[in-house]
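Enquirer: Each protein sequence line maps, in turn, to chains A and B. For the first sequence, the UniProt record's numbering gives the first residue as 1, with consecutive numbering after it. For the second sequence, the UniProt record's numbering gives the first residue as 1, with consecutive numbering after it.
Worth flagging that the hints you see were computed from the coordinates, not collected in a lab. A hint or two may mislead.
Which copy? The list can't say, so a pair holds if one copy fits it or any two copies do.
[Said to hold, decoys possible] Here are the computed lysine to any residue pairs in the SDA-like style, where the Cα-Cα straight-line distance is at most 20 Å:
1. 226 - 617
2. 351 - 233
3. 644 - 344
4. 346 - 634
Keep in mind the model is a prediction, meaning the values are calculated, not measured.
Protein chains: 2
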Amino acid sequence: MILSALLTSVGINLGLCLLFFTLYSILRKQPSNAIVYEPRWVAEEKSEQRSQFSFERLLPSSGWVRRAWQLSEEELLSISGLDAVVFMRIFIFSLKVFAFAGTIGVFILLPINYLGDFSDLANKSLDSFSISNVTSGSNRLWIHFCAVYVFTAFVCYLLYFEFNYISSKRIAYFYASKPQPHQFTILVRSIPVSSGISVTESVQNFFTEYHSSTYLSHSVVRQSGKLQQLLSDADKLNRRLVRLKSTNRARERLRRDGFLGLFGHKVDLLDYHEKKLQDLEDNMRIEQSSLVGKEVPAAFVSFKSRYGAAVALHIQQRVNPTEWVAEPAPEPQDVHWPFFSASFIKRWICKFVVVVTYISITVLFLIPVFIVQGLTNLSQLETWFPILEGILSIAFVSEVITGYLPSLILQMFLLFVPPVMLMLSSIQGHIAFSRIEKSSCFKLLGFTIWNVFFANVLSGSALYQVNVFLEPKEIPRVLAEAVPAQASFFIAYVVTSGWTGTSNELVRLFPLICNFIKRRLSGKAGDDFEVPSIPYHSQIPKIAFFGLLGVTYFILAPLILPFILVYFCLGYIIYHNQLLNVYAPKFETGGKFWPVVHSSTIFSLILMQIIAIGIFGLKELPLASGFCVPLPVLTLIFNDYCQKRFLPIFQAYSAEVLALFLSDQYTLSMLRAMQCLIKKDRDDQNDPSMVEFLNELVTAYRDPVLMPIQYSGRNDRNTSLLHAAEV
Amino acid sequence: MILSALLTSVGINLGLCLLFFTLYSILRKQPSNAIVYEPRWVAEEKSEQRSQFSFERLLPSSGWVRRAWQLSEEELLSISGLDAVVFMRIFIFSLKVFAFAGTIGVFILLPINYLGDFSDLANKSLDSFSISNVTSGSNRLWIHFCAVYVFTAFVCYLLYFEFNYISSKRIAYFYASKPQPHQFTILVRSIPVSSGISVTESVQNFFTEYHSSTYLSHSVVRQSGKLQQLLSDADKLNRRLVRLKSTNRARERLRRDGFLGLFGHKVDLLDYHEKKLQDLEDNMRIEQSSLVGKEVPAAFVSFKSRYGAAVALHIQQRVNPTEWVAEPAPEPQDVHWPFFSASFIKRWICKFVVVVTYISITVLFLIPVFIVQGLTNLSQLETWFPILEGILSIAFVSEVITGYLPSLILQMFLLFVPPVMLMLSSIQGHIAFSRIEKSSCFKLLGFTIWNVFFANVLSGSALYQVNVFLEPKEIPRVLAEAVPAQASFFIAYVVTSGWTGTSNELVRLFPLICNFIKRRLSGKAGDDFEVPSIPYHSQIPKIAFFGLLGVTYFILAPLILPFILVYFCLGYIIYHNQLLNVYAPKFETGGKFWPVVHSSTIFSLILMQIIAIGIFGLKELPLASGFCVPLPVLTLIFNDYCQKRFLPIFQAYSAEVLALFLSDQYTLSMLRAMQCLIKKDRDDQNDPSMVEFLNELVTAYRDPVLMPIQYSGRNDRNTSLLHAAEV
């Protein structure tokens, strides 16, 4: 790729970014778009109502940028929880890394690589700015060598600092947290059931016998797939009904009952929906009564103290380790198990199936990527489609195709991957949204690195070299040959996927269009909207991948660094804004996503070092190549230390809770200690809130489908009686 | 190697074995050898005294074989503990495997491989009996293919059965065990010490605060290296004194005080030793008093119940996981830490140093092995030492050299390895003999497989192919070419190292000679002998390696199987006898050595399958080669299941103890429950023995060097007063 092609691509994307920013500035001020751009505030009914038309509404403004920039970490923590803070720390960390790398890269490495004439700059190949331009055996390469060492040391220092910082944040977060049901609960699976005894009795017997002083209650898991569907339908219907009742305009309540409300008889929607809801409720009651028998040998067991839960978690293993398998319970609203299985063997088999499927998907995905690669090759395209020859000969079109189209098509394909990975992770046996997302995070990261980085690198230069991974000795040489050749592709990728992709995140084009269509069709939108949550599993791998590109190309093609730095700046502003206005946290893992970023950075460093070993070898500087060999080893040792030093804080939630709340060893003293922490002003004679909490805990993990049904205006007393009877 | 050379080697070794058996039969009846052949009974003073000379003493007999054969598992368990039982299970397991493999190998595979004429059998190369003799593409190879599948399935079944059996044994053993100090104790390291507070106070504060209901006592670790030396000297001297006093013959008490008792003045040994002992004691007292300050930030912490210890072990992790690092305590007599370190960082660095050293040693060791390989090549030898030409041309000599010498020299080199591995394992930071031995076991196994198996296989055929391990794709082909070529070497190895080595174990040549020399010199032996313990760390890898040879060569050269079967029969008899008469257990791990054997067998299976893939490829049967590919995967999956199913039982001692003694959750009920288990006849009103046990527990982990010194006939009351004061 020549410089002018790159500049075209940068120009197009810069234009798109500006367009998106302007669009956002205007669109966000339209009241009808509030549920797209400010769903959090709409849900909390704090959104400013700008129903009157004013000219100001049509002018772009930049006040939101200032607000996003000024958002402090404490504010973010109180608004969106620790996970959001950790998410933003990825940007801060990356900005630090690439500010340093960019300075070295642009002011030291780039001039050294170039060292040529400045005539005809526009037609210069981008290779002139990369390490390929340095003559073999040149002593200038020693500067690159030093850069590798300095950069590694700097990144390791930052990684340590960041891990330490986030650990302390996590600890502080737990210190400050109120008692939460999942801290007091464990999930027990593979409960052995003898004939004649129900699972409930079995659990009751086991825990009252062995954990009598701390055991509080339990709720057995039931097969409730069908009921869950009914419940979510009823929920939706109910929400719509509430909205309908609140709007007093009779006109809106009349609607045709046929397809999309366009055909059929006119009916009163209120009556129509109420009747439907009642039917649903009856259905659900029948299901509920039939469900009692469908017990699964798994149960949520709650304890009177965090200490009790942790002891049971670590200790209640029986002689046969495949029975009474315990794991920490997720938050009640976080529970999600479309593929829940209580049996040890089944889960074990599922894991293997998932691993095999994951590998197959990752390998098969190469095919579309190769086609995309073919598109960047103009002459190939002309051979395939001779008709296009005329169009492709236009300079601008050819520049668009080489500079922009390939990565766009790649993006389209990549869109389908995150849902598949989520599916795989849930089949794998994770029992909570947060854990499924974390597992998908790792899967997607591996997928992206393989399919975007390695596939492009190896297919671009020599497709048949994919089997280099079967000859470890050859890896540095092959990578050193192939990676620099793809520098221009990845610069274009950063600009397209990074810049425009992030700006698109700001405008939320897809939800905007959906909202528009819905509003046109149903007249009034927003009767059943949900506040979205940030999809960590797809965002974190994307961000981490740009980090990987930057680190890998740091010495090879430092020209990429400014573009990456711009990407992280954009990301910092935009995600701050989105976390503030759009996304509400669905769960709280307490920063458990950080280790993903740490691992990915370590991997990037090692990849960079291996390529450095290869490139110094290729450039006939075997001494430098040899001196680079200790680097990956040192990096791995550093990583091992970090894992030992910090990972336990992130892993076993309960091991740590006990360190933090060691004083809650005995229920009574715990009650007091925790009360002191939470509300200093309460007298510590009796602890009504804690007692209340423990009462709530009893029902926290009851399957929501088993709760008494109370939509259609029945008597409330009736329901609470039912409730009381069950408790 | 031709058949006659093999037969020569077998003949020599069979002769040696018979010689050793006869020697043993005679020597064991000589009273002076009792401390060599029956040290256990001498120590317990149960050895039959045959002081009178009788003619029967000079006749070989075989009664001991019958006795060893008839020894049941229950008897062995009561005599030598569970570790010895598990050790013997290795032989039983191997006998089952190779009885099956031998039957298939000798009666099905061997005839198929041979299928030739029987003329000039003596000069037939051993290759005629191996798979190399089957023509490429022959359909007969499908029988080998079936054999691989059937054998894998059979071994996996046996592995599962055995793991299950030993797990149940381990559990039964714990059920039956009396309360032991190490079950109630943990070792805590990296105790943070603030200025002004001693380690003792720090531990006391921590555990009384957070584990107040279960905490019993603790003893801080001290730097006592010098004192330990003094103590062991004093111990030895004291034992000698006791012996001297018991022998009333004045003549023996007079001896010269110079070199080896041969020169110098004649002195009364009793007075001489007593004076020396008193000096030592005074030295020790001075050391003891100076030791109080030398506290190390580590301590043994004892609890009132197993439950308390397990809870503290799993839970007392603090916010910083590198502080208050807990691990289960070993048995008091098992504690051994020449390189103890309390600091987390130091131990972490030590581990890395050990890993690097281990790899270097393993690689450097190849040099002597290559020299040994050179010796098997007669023409090479003649070129090096032309003088030998005459001798080497004698058929017998050349057969001895090719058949016997190489493996003997290899053995000599291998003798030095186990102590080095022990040293490495103790530097690594293990704190008990048992753990050091287990770690060395793994190290030695890896060392043996690499240096005996791979080095011979790869150097014998093509030395330069060592770097095949950098090209994973090539491994099956290279191994399939190289491994069958070394079949004759390994048959000779089994006969030499296996048969003769094991018979040598019976005769205990080295201790016998030592004992003889000592008796000659000092007139009377046995005044300071110790009952030896079986060196698991060197024996288990040796036995496992013969298993590996048998499994690997099962389809390649089934001729090796009968020899291996004989080896395991010999081993079964001989080790039964030695466990009965010679070795006393030094520690009890409860069968923790079994997972080593399991892993080694899985590794052997996979190696065999990889070679099968390669050999079917070489023999132009790609279909069979392809159908073998799922085998290693299935084996690994099977292994993963076994690890999940059984390993937790072997790993965390305390996690399991709690499952077993779950009823000892509260001290009082525990006291009763355990008493019931141990002694049904004791009334459970008050539990004097448990109280006594807890009293003993307080001092169980006190450094022996800090105990009051009481050798030279001082007043006993004095010591016990001291003792009481310390408690």
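Enquirer: Determine for every hint whether it applies to the structure shown.
Expert: Tested hints:
In this homomeric assembly, residue 226 and residue 617 never come within 20 Å of each other (Cα to Cα): the closest approach is 63 Å inside a single copy and 53 Å across copies. Neither within a single protomer nor between protomers do residue 351 and residue 233 lie at most 20 Å apart by alpha-carbon distance, with minima of 32 Å and 58 Å respectively. In this assembly of identical chains, the alpha carbons of residue 644 and residue 344 lie at most 20 Å apart only when taken from different copies (10 Å versus 29 Å within one copy). In the homo-oligomer, the alpha carbons of residue 346 and residue 634 lie at most 20 Å apart only across protomers (17 Å), although the nearest pairing inside one protomer, at 40 Å, exceeds that limit.
Checked against the numbered hints above, the structure violates hints 1, 2; every other hint is satisfied.
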